[in-house]
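We have chain A; now place chains B and C onto it with these hints.
In case you want the letters, here they are:
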Amino acid sequence: MDIPYTVQARPDTGLTNGKIAIWLFLASEVMLFGALFASYILIRTGAPSWPRGDTILNVPLATFNTIVLISSSVTMVMAWASLMRNRFGTFRIYMGATILLGGVFLVVKYFEYSHKFHDDLFPRTNNFLAIYFTLTGLHMLHVLGGMAVNAYLWGPGAKLWKTNPEWFRNRVEHSGLFWHFVDLVWIFLFPTLYLL
Amino acid sequence: MSQPGAVAAPTAHGAHEPHHEALGFWRHYVFSTDHKVIGIQYGITGLLFLFFGFSLMMLMRWQLAYPGAALPLLGGLFGEVRMPGGSMNPDFYNELGAMHGTIMVFLGVVPLAVGGFGNFVVPLQIGAPDMAFPRLNMMSYQAFFLGGLTMLASFFVPGGAAQGGWTAYTPLAILQGTGQTMWLFGMIFLIASSLLGAINFIATIIQLRAKGLTFMRFPFFVWAQFVTAFLLLLAFPPLQAAAVMQLMDRLAGTSFFLPSGLVVSGQVLQVAGGGNPLLWQHLFWFLAHPEVYVLILPAMGIVAEIVANNTRKPLWGYRSMVYSLVFLGFMSFIVWAHHMFMTGMGTAMAAFFQTTTMIISIPSVVILTALIISLWGGSIRFNTPMLFAVGFLPMFGIGGLTGLPLGLNVADIPLHDTYYVIAHFHYVVAPGTIFALFAGIYYWYPKATGRKMNETLGKIHFFGSFVCMNVVFMPMFIMGLAGVSRRLYDGGATYDFAQPVLHLNVVSSWGAWIMALFQLPFIFNFFWSIWKGQKVDGNPWQSTTIEWAAPSPPPHGNFVTAPTAYRGPYEYSVPGAARDFLPQTEA
Amino acid sequence: MTTDHAADIDRHVRVYITVFIALMVLTIVTVAISRFHLPVHIAVTIALLVAIVKGSLVAGYFMHLVSEKKLIYAVLLVTVAFFIALMALPVLTVHNGYWIH
Numbered sequence: 001m002d003i004p005y006t007v008q009a010r011p012d013t014g015l016t017n018g019k020i021a022i023w024l025f026l027a028s029e030v031m032l033f034g035a036l037f038a039s040y041i042l043i044r045t046g047a048p049s050w051p052r053g054d055t056i057l058n059v060p061l062a063t064f065n066t067i068v069l070i071s072s073s074v075t076m077v078m079a080w081a082s083l084m085r086n087r088f089g090t091f092r093i094y095m096g097a098t099i100l101l102g103g104v105f106l107v108v109k110y111f112e113y114s115h116k117f118h119d120d121l122f123p124r125t126n127n128f129l130a131i132y133f134t135l136t137g138l139h140m141l142h143v144l145g146g147m148a149v150n151a152y153l154w155g156p157g158a159k160l161w162k163t164n165p166e167w168f169r170n171r172v173e174h175s176g177l178f179w180h181f182v183d184l185v186w187i188f189l190f191p192t193l194y195l196l
Numbered sequence: 001m002s003q004p005g006a007v008a009a010p011t012a013h014g015a016h017e018p019h020h021e022a023l024g025f026w027r028h029y030v031f032s033t034d035h036k037v038i039g040i041q042y043g044i045t046g047l048l049f050l051f052f053g054f055s056l057m058m059l060m061r062w063q064l065a066y067p068g069a070a071l072p073l074l075g076g077l078f079g080e081v082r083m084p085g086g087s088m089n090p091d092f093y094n095e096l097g098a099m100h101g102t103i104m105v106f107l108g109v110v111p112l113a114v115g116g117f118g119n120f121v122v123p124l125q126i127g128a129p130d131m132a133f134p135r136l137n138m139m140s141y142q143a144f145f146l147g148g149l150t151m152l153a154s155f156f157v158p159g160g161a162a163q164g165g166w167t168a169y170t171p172l173a174i175l176q177g178t179g180q181t182m183w184l185f186g187m188i189f190l191i192a193s194s195l196l197g198a199i200n201f202i203a204t205i206i207q208l209r210a211k212g213l214t215f216m217r218f219p220f221f222v223w224a225q226f227v228t229a230f231l232l233l234l235a236f237p238p239l240q241a242a243a244v245m246q247l248m249d250r251l252a253g254t255s256f257f258l259p260s261g262l263v264v265s266g267q268v269l270q271v272a273g274g275g276n277p278l279l280w281q282h283l284f285w286f287l288a289h290p291e292v293y294v295l296i297l298p299a300m301g302i303v304a305e306i307v308a309n310n311t312r313k314p315l316w317g318y319r320s321m322v323y324s325l326v327f328l329g330f331m332s333f334i335v336w337a338h339h340m341f342m343t344g345m346g347t348a349m350a351a352f353f354q355t356t357t358m359i360i361s362i363p364s365v366v367i368l369t370a371l372i373i374s375l376w377g378g379s380i381r382f383n384t385p386m387l388f389a390v391g392f393l394p395m396f397g398i399g400g401l402t403g404l405p406l407g408l409n410v411a412d413i414p415l416h417d418t419y420y421v422i423a424h425f426h427y428v429v430a431p432g433t434i435f436a437l438f439a440g441i442y443y444w445y446p447k448a449t450g451r452k453m454n455e456t457l458g459k460i461h462f463f464g465s466f467v468c469m470n471v472v473f474m475p476m477f478i479m480g481l482a483g484v485s486r487r488l489y490d491g492g493a494t495y496d497f498a499q500p501v502l503h504l505n506v507v508s509s510w511g512a513w514i515m516a517l518f519q520l521p522f523i524f525n526f527f528w529s530i531w532k533g534q535k536v537d538g539n540p541w542q543s544t545t546i547e548w549a550a551p552s553p554p555p556h557g558n559f560v561t562a563p564t565a566y567r568g569p570y571e572y573s574v575p576g577a578a579r580d581f582l583p584q585t586e587a
Numbered sequence: 001m002t003t004d005h006a007a008d009i010d011r012h013v014r015v016y017i018t019v020f021i022a023l024m025v026l027t028i029v030t031v032a033i034s035r036f037h038l039p040v041h042i043a044v045t046i047a048l049l050v051a052i053v054k055g056s057l058v059a060g061y062f063m064h065l066v067s068e069k070k071l072i073y074a075v076l077l078v079t080v081a082f083f084i085a086l087m088a089l090p091v092l093t094v095h096n097g098y099w100i101h
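Protein chains in written order, with the working numbering: chain A, 1 to 196; chain B, 1 to 587; chain C, 1 to 101.
Accuracy of the hints is not assured; some may be wrong.
[To be verified] The calculated label-pair distances, taken between Cβ atoms and stated as ranges, are:
#1 A:Ile67 - C:Ser67: 23 to 33 Å
#2 B:Met216 - C:Leu38: 47 to 57 Å
#3 A:Val104 - C:Gly60: 20 to 30 Å
#4 C:Ile21 - A:Leu61: 21 to 31 Å
#5 C:Ile42 - B:Val264: 33 to 43 Å
#6 A:Trp50 - B:Ala70: 47 to 57 Å
#7 C:Ile42 - A:Leu61: 19 to 29 Å
#8 C:Ser67 - B:Ala577: 38 to 48 Å
#9 C:Val29 - A:Leu61: 15 to 25 Å
Keep in mind that the hints were calculated from the coordinates and are not lab data. These numbers come from a predicted model, not from an experiment. The beta carbon of each residue, even a glycine, is placed where N, CA and C say it ideally should be.
The shape of chain A in the complex, shown without the other chains:
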């Protein structure tokens, strides 16, 4: 049994099932991260004192990471644009770059975290660190998840391009939406934790 509008858009809504689904999922993710931001606001405003981000965290490293993630967003959208231009080879390059940049982000975070642990700074040490590790930790899990899906689309999943290119394009677009969202969260996370 075929489910309609999996690949072709439904005329009156102009959407495919997958497009609606990914945006609905992102809406729920807005609320998920929102809860953590709300927690940050509540805890910080209730604290007698709160350290400025740059006194505890490494701003240059995080700025570098911000640039890395934004760049990966560009390569991601270029990967999709390549598919729209039917250039599969170029898609492979851009998607590979996206995954690589994601990897760089994770490596930098690994160094950041291990520095903290080395300096005896853990989530339990104080609430600034608790919210820092939780927010960036959850974000990191999303980076990993996005990379996993992108890796699948770069590798074994790419077979679909031969049999159903439009469906494959849609999947790349949807994965891209998730990846851009991960970038979006970091755009707010970075100043909140590191600069304020």
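Structure of chains B and C alone, referenced to chain A:
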């Protein structure tokens, strides 16, 4: 692949879907991606959890009626820790209380109402071959199942299951045993299940509805599930985050919810502190208030379907009902702190939440009133589904009206955390939602099985349950007004002011135990009718909505030919028509 | 989208590059401003505004929200409303109207 605009021809199998005749037992019944099988899986699992949660309460009611007395026969079953000498340990009472609430809400009612009825009925009612994402649907059930198993397993860890209420307030929940950790993991699975399900429902309803089925031609049940899905989608994630944060407080030593200087058993807790227990309450109730609308909306949907069908006339005020539903859904996100009036908020914020709470009662009243007016002038058929549906109406009325003093922050002061609250919410959920769910089971059973349930047994089930529900919960209003707090393991026995109303504990308990007896005809009926129930065709209730245009039970893919909707959902008793109903899909 | 010609995609790509440059600039701006150690209220407001601009560029152009369907806008609008409620109401309630005195 599909052509643009084409609805799937259900008899053609896609290249990536194994031919269903070749499916073995496991693919067919256990790992199915068919929404009907998944709906039945959710339904039966939900019912089992409902009865289990009810059993936990029946045990509690012994302690409440006869505090400290040894439970005859069963007392020995629970071991010397939980029931020393057959008499209930207060910690066990708390364990039962917390798990009763958790199981009834998250493992019983919602899986049955949304996972069960939603999955089974919605694709059929919109003329779709299945849900938009069948494999995701299967994964949702599996996540729910895992969450349920985790919750059940928590009874067997040292220290027992969660004991801090279904609300898991901090700091108490953080200080409790392993059972609470399992509760948190259980919740994480359940929330994941709900989120995936919500995405599936919304995408399906928007994208897979039949040709001609515009939004304002939806059966009210579909609208109810649609709004419910949005509530689940947007309200659950904050609790997901909060559960992770509570896990971190418990396992990683953080202090999200632990204030500074907390003293436990004479020792200052060695944590960083600086956290806020109210943060947990905000995040919890941000979900839990919309959650109560998740509990009631599908029920209203079911009642609407059955009322229209058994009055042989269209629903009165369909448009108003739909607008009320959407408005209700929206408002439900900004009332939550009426559960927190006693936490020291200032008058400005108390006034804000009180106002939004009063406003939200309006759409509820509109929907209930429209349903009641729908009865006027109808040719009413009092079959079992209709009895439960009509019984729902005054019960939900009582539940809803008694919520009003709780929503006014001054009146809430003496009523907060008393038996009045318990009576209020049980009226909405027990003779409210659960009656609607029973109605739905009797109503859609023929669609799922091809046979009707027995009417006589159904009537016994209804009248017995209706009387008993009121015997159980009406006295609780009086107890609450007298000031008896909830969650007291002895039902208030040690308080002077409670003495004049303590006997009501006995009344409620006997009401509950007798109510259990009246569920037996239902359980028997449910299984007996699978083999011996009266066989029926596709439309035994002469209904107009699209699910009745499919065979009973519907095949994989649901419809022999893809349906088209030509009219609204409740064209009953149309003047000049040959029969007293005009199906939506009849040309 | 599937019937876009090569020229359309070229236009899109030019937009992506422009947005990328804008995002880089704004990143540098927000880090630079943070060095001034402004009073918290002002620092928060500026940082938030910059983040919102950056976020809007990502959402609008990389995620193609500027040309998305009405249904998606509706879902996101509702989400944003509830997001704001979640940000504002707890702190207002716990701190007795933190910004209202």
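Taking the CB of Ile42 (chain C) and the CB of Leu61 (chain A), does the distance hold inside 19 to 29 Å? 26 Å, holds
Hint check for Ala577 (chain B) and Ser67 (chain C) - Cβ pair distance inside 38 to 48 Å: For Ala577 (chain B) against Ser67 (chain C), whose Cβ atoms are near 47 Å apart, the range 38 to 48 Å holds.
Does the Cβ pair Met216 (chain B), Leu38 (chain C) satisfy 47 to 57 Å? Since the Cβ atoms of Met216 (chain B) and Leu38 (chain C) sit about 53 Å apart, the hinted range of 47 to 57 Å holds.
State, for the Cβ atoms of Ile42 (chain C) and Val264 (chain B), whether the hinted interval 33 to 43 Å holds or is violated. For Val264 (chain B) against Ile42 (chain C), whose Cβ atoms are near 41 Å apart, the range 33 to 43 Å holds.
Hint check for Leu61 (chain A) and Ile21 (chain C) - Cβ pair distance inside 21 to 31 Å: Distance hint for Ile21 (chain C), Leu61 (chain A) holds at roughly 23 Å.
Given the hint of 47 to 57 Å, is the C-beta distance from Trp50 (chain A) to Ala70 (chain B) inside that range or not? 56 Å, holds
Is 23 to 33 Å a correct range for the gap between the Cβ atoms of Ile67 (chain A) and Ser67 (chain C)? Holds, since Ile67 (chain A) and Ser67 (chain C) (Cβ atoms, about 27 Å apart) stay within the stated range.
Range agreement (Cβ of Leu61 (chain A) with Cβ of Val29 (chain C), hint 15 to 25 Å): 19 Å Cβ-Cβ, so the 15 to 25 Å window holds.
Does the beta carbon distance between Val104 (chain A) and Gly60 (chain C) stay inside 20 to 30 Å, or does it fall outside? 26 Å, holds
The structure agrees with every numbered hint stated previously.
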